[in-house]
Amino acid sequence: MLATLPYWGVSLIRILGGIVAVLLPAGSIVYIFLFKMMSFMQSRLGPMEAGPYGSMQLFAEVGKWLQKEDLAPDGADKRLFKMAPLIVLASTFLLVAVVPFGPDAWFTNFEAGVFYALAVSSVSVLGILMAGWSSANKYSLMGGLRAAGQLIAYELPMVLAVIGVVIQAGTMNLQQIVVKQNNDKIFGLHFLGNPYILTQFVGFIVFMIAVQAELTQTPFDMPIAESELVSGYMTEYSGFRFLIFFIGEFATAGVFALIASALFLGGWGVPFSWFGWHNIGDVANWMNVVGPLIMFVKMMIVVFLIMWVRFSFPRFREDQLQRFAWKVLIPIALANIMLTAILKVAF
Amino acid sequence: MSQLLRSYLTVAMFGAIGVLLAALLLAISALVRPNRPNADKSKVYESGVDPIGDGWSQSQIRYYVFALLFVIFDVETVFIFPWATQLERYAGFGLLEMGIFVFVLLLGLVYAWRKGVLRWV
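Going line by line, the protein sequences match chains A and B.
Position one of the first sequence corresponds to residue 672 (the working numbering), numbered consecutively onward.
Position one of the second sequence corresponds to residue 332 (the working numbering), numbered consecutively onward.
Hints are supplied without guarantee of correctness; some may be wrong.
Stated by the list, open to error - In the DSS-like style, the derived pairs of lysine-lysine whose C-alpha atoms are separated by at most 27 Å in a straight line are:
1) A:Lys707 / A:Lys749
2) A:Lys735 / A:Lys753
3) A:Lys735 / A:Lys749
4) B:Lys372 / A:Lys735
5) A:Lys739 / A:Lys753
6) A:Lys749 / B:Lys446
7) B:Lys374 / A:Lys735
8) A:Lys739 / B:Lys372
As the list claims (entries may be wrong) - Which bits of chain A does chain B cover? Going by a derived footprint, with three or more residues having C-beta under 8 Å, they are:
9) 802–809
10) 945–957
11) 1003–1017
To be verified - Label-pair ranges, simulated between beta-carbon atoms:
12) A:Leu1014 / B:Leu437: 17 to 25 Å
13) B:Phe410 / A:Arg986: 49 to 57 Å
14) B:Glu407 / A:Leu694: 34 to 42 Å
Honestly, the hints are just simulated from the structure, not real lab data.
Glycine included, each C-beta is placed from N, C-alpha and C at the ideal position.
Generate coordinates for the entire structure from the input sequences, incorporating the hints supplied.
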């Protein structure tokens, strides 16, 4: 269907799809996990007034935030201060551009897609550092520096964990990684495909820990530690600019979960042997509709894990956090690369 | 236009739409939000007391060493990716080469470790 459209039509569909792929996960994550699951874990009901079971609470919140005054402190570097949230949100959009949702339902089909994703995921550090620096506030500065130190420390284990997947798939194209997972066999068994969570379990664990840290979710929330830094780099933000940071945080959680499911959980596909497909050309057209739904379900499962950890664990101290990245995760990830390479060559 | 350039065009559009969406929402917000500035509101927040000194105060340098270490390691890991995609072709030879490479990488980490750079002081 897409092939018959002119280029601008395809681009329009892609942009609309991109907006949905960023905002829909963010909204569902905030309502289902942050409002409801967190409440149930703490033996309370959560929002109940707006709409059935409080499901309209999000719209009420956005309406409220729209009416808040937009403040910037006197000493702040005003231009950087106002630009920072936009950069954080834009980096989320750049990141989602690489996720494949179906055989034809992709935004970009880079040969080096994994590379692109890892490169773009560190753009948000710039926004956070800008926010922390431009606020002219001591809390913000500390938070911004901590965020930068943490994000670069956990970038490395994440990159190294993904190399295991690249070795197994023999390609950096996310679409082909998904196809490979659904087309391979594991110990000669065909019915499950070969989702890399089974053969790259160590890599998956390292990747998920690094993602938790990249998202600054709770065991790793030193940058916004509310008991010592008020709200870290977001201290001086109010009104809608604060909400943009908030949307960006949960949208990025959704996009990282999408990337994790494309890399480790088989992405949009079902095991190809179920329908007798052998390569991406055989995949039926209805997968373009079912694929995004499968991705959404997998995304929710991965985010559930992230949020479960977030609500259960106490915070790491700053020195523990750095030590854990450099002295535990990086050596494990390097060992995982060598083991994967040896097994790949041996078999 | 080639497929690759078109992909980058899509990326540019996605970046633009991220900024535009936020700008649009901020513009809507500008229509309905109040704007009554006063001196107390625009003071820097410091737990309710008047701020002391400048916001851009000096802070510890320890982040700098970690950042340097990160740059070194990140550039080295970038070299592993092309090898990883072609491992099937290189087989045992590639394995040996990368074993040496990763060993040198680990040596660097152990050196930094023994020098006490990884300690948070």
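The hints, checked one at a time:
no., hint, verdict
1, A:Lys707 / A:Lys749, "violated, 37 Å"
2, A:Lys735 / A:Lys753, "holds, 20 Å"
3, A:Lys735 / A:Lys749, "holds, 24 Å"
4, B:Lys372 / A:Lys735, "holds, 19 Å"
5, A:Lys739 / A:Lys753, "holds, 15 Å"
6, A:Lys749 / B:Lys446, "violated, 42 Å"
7, B:Lys374 / A:Lys735, "holds, 24 Å"
8, A:Lys739 / B:Lys372, "holds, 13 Å"
9, 802–809, "holds (count 5)"
10, 945–957, "violated (count 0)"
11, 1003–1017, "holds (count 7)"
12, A:Leu1014 / B:Leu437: 17 to 25 Å, "holds, 19 Å"
13, B:Phe410 / A:Arg986: 49 to 57 Å, "violated, 35 Å"
14, B:Glu407 / A:Leu694: 34 to 42 Å, "holds, 37 Å"
Hint violations for this structure: numbers 1, 6, 10, 13, all remaining hints satisfied.
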